[in-house]
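Throw the hints in and build the complete structure from the sequences for me.
Protein chains: 2
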Amino acid sequence: MPDLPPSTGDSTPKRDHLIATAFRLFYRDGYHAVGIDRILAEAKLAKMTLYHHFESKEELIVAVLVQRSALINERVQTALREAGPSPRKRLLAYFARYEPIFASKEFNGCGFIRAVAEYPDIHSPVHQAVIRHKQRDIDTIQELLAGLGVVEPGPLARQIALLLEGALVSAHTFGDTSALAHARNAALALVKAARRS
Amino acid sequence: MPDLPPSTGDSTPKRDHLIATAFRLFYRDGYHAVGIDRILAEAKLAKMTLYHHFESKEELIVAVLVQRSALINERVQTALREAGPSPRKRLLAYFARYEPIFASKEFNGCGFIRAVAEYPDIHSPVHQAVIRHKQRDIDTIQELLAGLGVVEPGPLARQIALLLEGALVSAHTFGDTSALAHARNAALALVKAARRS
DNA sequence: GCCCTATTAGACAGAACTGTCTAATCTTGA
DNA sequence: TCAAGATTAGACAGTTCTGTCTAATAGGGC
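So the protein lines, in turn, are chains S and X. For the first sequence, our numbering begins at 16 and goes up steadily by one. For the second sequence, our numbering begins at 16 and goes up steadily by one.
Derived by calculation from the structure, the hints in this document are not laboratory data. Just so you know, not all the hints are guaranteed correct.
Intra- or inter-copy, both count: the list cannot distinguish identical chains.
When the alpha-carbon atoms are kept at most 20 Å apart in a straight line, the in silico EDC-like pairs for lysine to aspartate or glutamate are as follows [what the hints assert, rightly or not]:
(1) K72 <-> D44
(2) K120 <-> D25
(3) K120 <-> D136
(4) K62 <-> E74
Given the structure is predicted, the values throughout are model-derived calculations rather than measurements.
Given below as structure tokens:
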């Protein structure tokens, strides 16, 4: 009987509540700016509960990112399923999914991008968790492009991913929601150009 | 005789050294992660020297960003001057300027984007300093596009800016230099499409 | 020489930080 | 019922953080 549960995604109510509270505060104020005491006070949990489920604050951050990544991926897959089989509708649905996020009053950029900003060392477990998430984003876009009949979807997927990353950053920087529309328009123009060639 | 010098860009050797040291550490490890004690130890300066030139750590961060913004803008203008009058060469020179930055061993993303990530509140003086810098970036791109004869350079400038922001973020996340080439290729395709229409 | 400012080292306060430890209590399944 | 694990509150250590204060010194313009 191990004293500590494995740090994988075991789901218990307290653990989930801890992750949800931590995410909310981290996303609002930043990873270094939020101390565990504030998370525990907000979640109304004791310190030992945190250190029972996680070995360190860093491991909590990783768990937050892993959980968010899974949640976001579920939502993407749901949105794509609801979009039906039309490749063009699927691509538009992919972009449309971001609209409520950008329009939200609580929008504060991308929690993954901001995690990389605070954990710049690529070897950091936090940074690595972001890499896994962002790579899946690119893979999803590539599948959408392949469905559209783009002959070499890899480079175009990277380009469209750049547009979305830029839109997340720019919308946060300027507090301006039009960035998403610009990214979508540019992406559609790139797809059109790729299919023309 | 005021006790403190105005917090504008007065340049003194100690002040400049402080800003240079602070930038190096902030860029390497992050703004919250680096304490003033470490900056002072590295710069071999006393604490009161810092608080003589700046009212707070936050004001130091703003000074770092303002100084970097001025430096970067100088370099851009120099690169564009050296590129000559050809609008296309000027645009390519604008992208080429980023190559050594992305290729540098010390590359750690964009210090301004990372500042926004750590100071997410748009009203923060740090965030505001980033806005001023990034807006000038967009203006510069817009001028380049106007030179190219793009009829409505505003939206296209925003799109190309998104590509560059995305490239900075993605190159840092994945530790991969190809992001810049992808951004440039996409930008050229967008310009081509805009001129065709 | 003289004065004013810049700069120094270092102590100091007060807060916040992560992580550990204890001892009591709650919960739950065997 | 009982035993084991989960959870609690809170003290605690040790570090680090920003910012203030003092008292001494250095240095440059008058």
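Status of the hints after comparison with the structure:
Taking CA atoms no more than 20 Å apart as the test, K72 paired with D44 passes in both settings, with 15 Å inside one copy and 18 Å between copies. Proximity of K120 to D25 under the C-alpha cut-off of 20 Å is found in neither arrangement, the shortest distances being 32 Å within a copy and 39 Å between copies. For the homomeric pair K120 and D136, the shortest alpha-carbon distance between copies (12 Å) is at most 20 Å, but the shortest distance inside one copy (31 Å) is not. In this assembly of identical chains, the alpha carbons of K62 and E74 lie at most 20 Å apart only when taken from the same copy (15 Å versus 34 Å across copies).
Against the hints set out earlier in the document, a violation occurs for number 2 only.
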